[in-house]
Amino acid sequence: MRIKNIFAAKRPVISFEIFPPKSGDVIGIISGTLGRLKKLGPDFISITYGAGGSTRENTVKIASLAKNRFKMEVLPHLTCVGHTAQEIDDILGALQAEGIENVLALRGDPPANSENFDYGANEFKYAVDLVRYIKSKTDMCVGAAAYPEGHVQSKRLSTDLAYLKQKVDAGVDFLITQLFFDNRVFYNFLENARRIGIECPISAGILPVLNAHQVRRISSLCGASFPAKLLMIIEEHANDPKEMEMAGIEYASQQVQDLLDNGVDGVHLYTLNRTEPIAEILRNVGLVNGDLQRHAHV
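First residue of the sequence shown: 78, per this note's numbering; consecutive thereafter.
Just so you know, these hints were derived from the structure itself, not from any lab. Here the structure is a predicted model, which is why all the values come from computation and not from measurement. Do not take every clue at face value.
When the alpha-carbon atoms are kept at most 30 angstroms apart in a straight line, the in silico DSS-like pairs for lysine-lysine are as follows [claimed, not checked]: (1) LYS87 x LYS116; (2) LYS81 x LYS138; (3) LYS81 x LYS148; (4) LYS202 x LYS242; (5) LYS319 x LYS306; (6) LYS116 x LYS148; (7) LYS116 x LYS99; (8) LYS115 x LYS99; (9) LYS212 x LYS148; (10) LYS81 x LYS212; (11) LYS242 x LYS87; (12) LYS148 x LYS214; (13) LYS116 x LYS319; (14) LYS115 x LYS242; (15) LYS212 x LYS202; (16) LYS319 x LYS242; (17) LYS306 x LYS148; (18) LYS202 x LYS138; (19) LYS148 x LYS138; (20) LYS242 x LYS214; (21) LYS115 x LYS87; (22) LYS87 x LYS138; (23) LYS81 x LYS116.
Model the full structure from these sequences, guided by the hints.
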(Lines of atoms letter the chains of each structure in order from A and count residues from 1; the text may use other names and numbers.)
(Lines give C-alpha, C1' and ligand atoms only; values in the text may rest on other atoms or scores of the structure.)
Protein backbone atom coordinates (compact mmCIF):
# COMPACT_ATOMS: atom_id res chain seq x y z
CA MET A 1 0.00 0.00 0.00
CA ARG A 2 1.26 3.46 -0.83
CA ILE A 3 1.99 5.46 2.30
CA LYS A 4 0.28 8.53 0.87
CA ASN A 5 -2.91 6.45 0.87
CA ILE A 6 -2.37 5.58 4.54
CA PHE A 7 -2.19 9.29 5.33
CA ALA A 8 -5.33 9.85 3.25
CA ALA A 9 -7.22 7.19 5.22
CA LYS A 10 -6.27 8.04 8.81
CA ARG A 11 -4.56 10.55 11.05
CA PRO A 12 -2.32 10.33 12.91
CA VAL A 13 -0.12 7.79 11.14
CA ILE A 14 2.22 5.99 13.55
CA SER A 15 5.49 4.64 12.17
CA PHE A 16 8.85 3.31 13.35
CA GLU A 17 12.42 3.45 12.04
CA ILE A 18 14.82 0.52 12.29
CA PHE A 19 18.33 -0.04 10.96
CA PRO A 20 20.13 -3.13 9.60
CA PRO A 21 22.33 -4.71 12.29
CA LYS A 22 26.01 -4.17 11.50
CA SER A 23 27.16 -7.71 12.23
CA GLY A 24 26.06 -11.23 13.11
CA ASP A 25 22.99 -13.00 11.79
CA VAL A 26 21.39 -9.88 10.37
CA ILE A 27 18.15 -11.49 9.25
CA GLY A 28 17.80 -13.55 12.42
CA ILE A 29 18.40 -10.55 14.67
CA ILE A 30 16.11 -8.20 12.79
CA SER A 31 13.37 -10.84 12.54
CA GLY A 32 13.07 -10.77 16.32
CA THR A 33 12.89 -6.98 16.29
CA LEU A 34 10.25 -6.97 13.55
CA GLY A 35 8.15 -9.55 15.35
CA ARG A 36 8.09 -7.45 18.51
CA LEU A 37 7.42 -4.19 16.68
CA LYS A 38 4.60 -5.73 14.65
CA LYS A 39 2.70 -6.36 17.88
CA LEU A 40 2.66 -2.59 18.43
CA GLY A 41 0.69 -2.11 15.21
CA PRO A 42 2.64 0.53 13.27
CA ASP A 43 1.22 1.87 10.03
CA PHE A 44 4.62 1.39 8.42
CA ILE A 45 8.27 0.66 9.19
CA SER A 46 11.19 2.54 7.65
CA ILE A 47 14.58 0.87 7.14
CA THR A 48 17.74 2.95 7.03
CA TYR A 49 20.46 2.83 4.39
CA GLY A 50 24.07 3.07 5.53
CA ALA A 51 26.48 5.82 4.50
CA GLY A 52 27.46 5.46 0.86
CA GLY A 53 25.08 2.53 0.47
CA SER A 54 27.01 0.38 2.95
CA THR A 55 23.88 -1.55 4.00
CA ARG A 56 22.28 -1.59 0.53
CA GLU A 57 21.65 -5.34 0.24
CA ASN A 58 20.48 -5.73 3.82
CA THR A 59 18.13 -2.76 3.52
CA VAL A 60 16.39 -4.45 0.58
CA LYS A 61 16.36 -7.84 2.34
CA ILE A 62 14.90 -6.42 5.55
CA ALA A 63 12.29 -4.40 3.67
CA SER A 64 11.23 -7.56 1.83
CA LEU A 65 11.18 -9.55 5.08
CA ALA A 66 8.98 -7.00 6.83
CA LYS A 67 6.67 -6.65 3.84
CA ASN A 68 6.28 -10.26 2.77
CA ARG A 69 6.78 -12.34 5.92
CA PHE A 70 5.57 -9.96 8.61
CA LYS A 71 2.93 -8.26 6.41
CA MET A 72 3.98 -4.76 7.45
CA GLU A 73 4.04 -1.77 5.14
CA VAL A 74 7.62 -0.66 4.57
CA LEU A 75 9.58 2.44 3.64
CA PRO A 76 13.16 1.59 2.68
CA HIS A 77 15.55 4.52 2.69
CA LEU A 78 17.51 5.18 -0.51
CA THR A 79 20.46 7.54 -0.67
CA CYS A 80 21.98 8.79 -3.90
CA VAL A 81 25.47 9.79 -2.75
CA GLY A 82 28.06 7.74 -4.60
CA HIS A 83 25.50 5.92 -6.75
CA THR A 84 25.18 5.95 -10.52
CA ALA A 85 21.82 6.07 -12.27
CA GLN A 86 22.24 2.40 -13.17
CA GLU A 87 22.78 1.48 -9.52
CA ILE A 88 19.67 3.42 -8.53
CA ASP A 89 17.74 1.59 -11.27
CA ASP A 90 18.96 -1.75 -9.90
CA ILE A 91 17.91 -0.90 -6.35
CA LEU A 92 14.50 0.38 -7.40
CA GLY A 93 14.01 -2.73 -9.52
CA ALA A 94 14.93 -4.99 -6.59
CA LEU A 95 12.46 -3.20 -4.33
CA GLN A 96 9.64 -3.34 -6.86
CA ALA A 97 10.30 -7.03 -7.49
CA GLU A 98 9.53 -7.60 -3.80
CA GLY A 99 6.23 -5.72 -4.07
CA ILE A 100 7.54 -2.61 -2.31
CA GLU A 101 5.75 0.57 -3.34
CA ASN A 102 7.41 3.22 -1.16
CA VAL A 103 10.86 4.73 -0.83
CA LEU A 104 12.40 7.53 1.27
CA ALA A 105 14.62 9.56 -1.06
CA LEU A 106 17.70 11.05 0.64
CA ARG A 107 21.00 12.54 -0.42
CA GLY A 108 22.81 10.62 2.30
CA ASP A 109 26.34 10.70 3.65
CA PRO A 110 29.52 9.70 1.79
CA PRO A 111 31.16 6.36 2.60
CA ALA A 112 33.19 6.17 5.79
CA ASN A 113 36.79 7.40 5.59
CA SER A 114 36.14 9.39 2.40
CA GLU A 115 37.74 12.72 3.21
CA ASN A 116 37.10 15.72 0.98
CA PHE A 117 34.18 13.95 -0.69
CA ASP A 118 33.07 15.83 -3.82
CA TYR A 119 29.27 15.89 -3.93
CA GLY A 120 29.44 17.77 -7.23
CA ALA A 121 31.01 14.79 -8.98
CA ASN A 122 27.90 12.66 -8.41
CA GLU A 123 25.18 12.04 -10.98
CA PHE A 124 22.75 12.93 -8.18
CA LYS A 125 23.97 15.95 -6.23
CA TYR A 126 20.91 16.52 -4.06
CA ALA A 127 17.89 14.62 -2.80
CA VAL A 128 15.67 16.59 -5.19
CA ASP A 129 17.60 15.06 -8.10
CA LEU A 130 16.83 11.59 -6.76
CA VAL A 131 13.16 12.44 -6.24
CA ARG A 132 12.82 13.63 -9.84
CA TYR A 133 14.59 10.53 -11.12
CA ILE A 134 12.43 8.09 -9.15
CA LYS A 135 9.26 9.85 -10.24
CA SER A 136 10.36 9.81 -13.89
CA LYS A 137 11.21 6.11 -13.80
CA THR A 138 8.58 4.56 -11.51
CA ASP A 139 5.15 5.06 -9.98
CA MET A 140 6.50 4.54 -6.46
CA CYS A 141 5.30 6.64 -3.52
CA VAL A 142 8.19 8.87 -2.48
CA GLY A 143 8.88 10.34 0.95
CA ALA A 144 11.62 12.78 1.89
CA ALA A 145 13.30 14.19 4.99
CA ALA A 146 12.53 17.56 6.54
CA TYR A 147 14.68 19.44 9.04
CA PRO A 148 12.74 21.51 11.59
CA GLU A 149 15.91 23.28 12.72
CA GLY A 150 17.50 23.32 9.28
CA HIS A 151 19.99 20.89 7.78
CA VAL A 152 23.36 20.93 9.53
CA GLN A 153 24.98 22.07 6.27
CA SER A 154 22.43 24.83 5.67
CA LYS A 155 23.23 28.34 6.89
CA ARG A 156 19.67 29.70 6.94
CA LEU A 157 16.37 28.06 7.81
CA SER A 158 14.61 30.00 5.05
CA THR A 159 17.03 28.57 2.48
CA ASP A 160 16.47 25.07 3.83
CA LEU A 161 12.70 25.51 3.54
CA ALA A 162 13.09 26.64 -0.07
CA TYR A 163 15.02 23.45 -0.83
CA LEU A 164 12.29 21.44 0.89
CA LYS A 165 9.66 23.10 -1.29
CA GLN A 166 11.69 22.08 -4.36
CA LYS A 167 11.59 18.45 -3.22
CA VAL A 168 7.85 18.56 -2.69
CA ASP A 169 7.31 20.22 -6.06
CA ALA A 170 9.43 17.47 -7.64
CA GLY A 171 6.89 14.89 -6.50
CA VAL A 172 7.40 14.07 -2.82
CA ASP A 173 4.22 12.56 -1.39
CA PHE A 174 4.95 12.98 2.34
CA LEU A 175 7.68 14.19 4.68
CA ILE A 176 9.28 12.80 7.84
CA THR A 177 11.18 15.21 10.05
CA GLN A 178 14.56 14.84 11.60
CA LEU A 179 14.31 14.35 15.36
CA PHE A 180 13.66 17.31 17.62
CA PHE A 181 13.32 17.70 21.38
CA ASP A 182 11.26 20.89 21.59
CA ASN A 183 7.80 20.68 20.06
CA ARG A 184 7.74 24.44 19.57
CA VAL A 185 10.50 23.96 17.01
CA PHE A 186 8.26 21.56 15.09
CA TYR A 187 5.19 23.78 15.25
CA ASN A 188 7.16 26.78 14.00
CA PHE A 189 8.58 24.69 11.17
CA LEU A 190 5.13 23.36 10.29
CA GLU A 191 3.65 26.84 10.18
CA ASN A 192 6.46 28.09 7.94
CA ALA A 193 6.21 25.06 5.65
CA ARG A 194 2.47 25.49 5.19
CA ARG A 195 2.91 29.21 4.59
CA ILE A 196 5.17 28.60 1.57
CA GLY A 197 2.79 26.06 0.08
CA ILE A 198 4.05 22.71 1.35
CA GLU A 199 0.75 20.86 1.70
CA CYS A 200 1.75 17.17 1.85
CA PRO A 201 1.52 15.21 5.15
CA ILE A 202 4.38 15.86 7.57
CA SER A 203 5.21 13.24 10.20
CA ALA A 204 7.05 14.35 13.34
CA GLY A 205 10.24 12.43 14.14
CA ILE A 206 10.74 11.57 17.82
CA LEU A 207 13.71 9.84 19.46
CA PRO A 208 13.60 8.92 23.16
CA VAL A 209 16.85 9.95 24.84
CA LEU A 210 17.89 6.86 26.76
CA ASN A 211 21.45 7.70 27.80
CA ALA A 212 23.69 10.73 28.16
CA HIS A 213 26.28 9.55 25.63
CA GLN A 214 23.54 9.21 23.03
CA VAL A 215 22.57 12.84 23.57
CA ARG A 216 26.07 14.15 22.86
CA ARG A 217 26.40 12.00 19.75
CA ILE A 218 23.02 13.07 18.38
CA SER A 219 23.81 16.72 18.94
CA SER A 220 27.04 16.46 16.94
CA LEU A 221 25.40 14.55 14.07
CA CYS A 222 22.16 16.38 13.45
CA GLY A 223 22.37 19.65 15.32
CA ALA A 224 19.16 19.15 17.27
CA SER A 225 18.88 21.67 20.09
CA PHE A 226 18.17 20.63 23.65
CA PRO A 227 15.66 22.61 25.73
CA ALA A 228 16.59 23.45 29.31
CA LYS A 229 14.12 20.91 30.71
CA LEU A 230 15.78 18.04 28.85
CA LEU A 231 19.27 19.20 29.76
CA MET A 232 18.27 19.22 33.44
CA ILE A 233 16.96 15.66 33.12
CA ILE A 234 20.19 14.53 31.50
CA GLU A 235 22.33 16.21 34.15
CA GLU A 236 20.25 14.76 36.97
CA HIS A 237 20.34 11.17 35.70
CA ALA A 238 23.63 11.04 33.77
CA ASN A 239 25.21 8.61 36.25
CA ASP A 240 22.16 6.36 36.66
CA PRO A 241 21.44 4.56 33.35
CA LYS A 242 18.15 3.05 34.52
CA GLU A 243 16.77 6.35 35.79
CA MET A 244 18.02 8.11 32.65
CA GLU A 245 16.13 5.65 30.45
CA MET A 246 12.93 6.01 32.45
CA ALA A 247 13.18 9.80 32.34
CA GLY A 248 13.91 9.76 28.61
CA ILE A 249 10.86 7.60 27.92
CA GLU A 250 8.69 9.95 29.99
CA TYR A 251 10.04 13.02 28.17
CA ALA A 252 9.39 11.45 24.75
CA SER A 253 5.92 10.38 25.89
CA GLN A 254 5.10 13.98 26.81
CA GLN A 255 6.34 15.12 23.40
CA VAL A 256 4.19 12.55 21.59
CA GLN A 257 1.10 13.31 23.69
CA ASP A 258 1.40 17.01 22.92
CA LEU A 259 1.82 16.29 19.20
CA LEU A 260 -1.27 14.09 19.20
CA ASP A 261 -3.26 16.70 21.10
CA ASN A 262 -2.31 19.21 18.41
CA GLY A 263 -3.48 17.03 15.54
CA VAL A 264 -0.22 16.16 13.78
CA ASP A 265 -0.34 14.17 10.57
CA GLY A 266 1.87 11.46 12.01
CA VAL A 267 4.51 10.48 14.56
CA HIS A 268 7.64 8.64 13.42
CA LEU A 269 9.51 6.97 16.30
CA TYR A 270 13.23 6.36 15.93
CA THR A 271 13.53 2.98 17.68
CA LEU A 272 17.29 2.30 17.49
CA ASN A 273 16.03 -1.31 17.17
CA ARG A 274 14.83 -1.26 20.78
CA THR A 275 11.25 -2.34 21.27
CA GLU A 276 10.40 -1.88 24.94
CA PRO A 277 10.99 1.89 25.18
CA ILE A 278 8.77 2.36 22.13
CA ALA A 279 6.09 0.11 23.61
CA GLU A 280 6.22 2.09 26.85
CA ILE A 281 5.78 5.39 25.01
CA LEU A 282 2.77 4.04 23.13
CA ARG A 283 1.24 2.78 26.37
CA ASN A 284 1.81 6.15 28.00
CA VAL A 285 -0.10 8.00 25.27
CA GLY A 286 -2.97 5.52 25.01
CA LEU A 287 -2.00 3.74 21.81
CA VAL A 288 -3.20 0.17 21.44
CA ASN A 289 -2.12 -1.83 18.38
CA GLY A 290 -1.40 1.36 16.52
CA ASP A 291 -4.89 2.83 16.97
CA LEU A 292 -5.45 5.86 19.16
CA GLN A 293 -8.10 5.45 21.82
CA ARG A 294 -8.94 9.16 21.98
CA HIS A 295 -7.40 10.78 18.92
CA ALA A 296 -8.31 8.61 15.94
CA HIS A 297 -10.36 10.31 13.28
CA VAL A 298 -10.45 7.92 10.36
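Cross-check of the supplied hints:
1. LYS87 x LYS116: Distance ~19 angstroms between LYS87 and LYS116 Cα, so the pair holds.
2. LYS81 x LYS138: 23 angstroms, holds
3. LYS81 x LYS148: This hinted pair holds, its Cα atoms lying about 18 angstroms apart.
4. LYS202 x LYS242: OK: LYS202 and LYS242 at ~17 angstroms, within 30 angstroms.
5. LYS319 x LYS306: Holds, at about 19 angstroms.
6. LYS116 x LYS148: 12 angstroms, holds
7. LYS116 x LYS99: Roughly 24 angstroms between the alpha carbons, so the hint for LYS116 and LYS99 holds.
8. LYS115 x LYS99: 22 angstroms, holds
9. LYS212 x LYS148: 25 angstroms, holds
10. LYS81 x LYS212: 14 angstroms, holds
11. LYS242 x LYS87: 24 angstroms, holds
12. LYS148 x LYS214: Given pair LYS148, LYS214 holds - Cα atoms ~26 angstroms apart, limit 30 angstroms.
13. LYS116 x LYS319: Holds, because 25 angstroms separates the two Cα atoms, which is no more than 30 angstroms.
14. LYS115 x LYS242: Given that 30 angstroms is the threshold and the Cα spacing comes to 33 angstroms, the pair is violated.
15. LYS212 x LYS202: It holds: about 16 angstroms lies between the C-alpha atoms, which stays within 30 angstroms.
16. LYS319 x LYS242: 42 angstroms, violated
17. LYS306 x LYS148: Status violated; Cα separation ~40 angstroms.
18. LYS202 x LYS138: Holds, at roughly 26 angstroms.
19. LYS148 x LYS138: 14 angstroms, holds
20. LYS242 x LYS214: Distance ~21 angstroms between LYS242 and LYS214 Cα, so the pair holds.
21. LYS115 x LYS87: 18 angstroms, holds
22. LYS87 x LYS138: 28 angstroms, holds
23. LYS81 x LYS116: Holds, at about 23 angstroms.
Consistency with the previously given hints fails for numbers 14, 16 and 17, ordered from lowest to highest.
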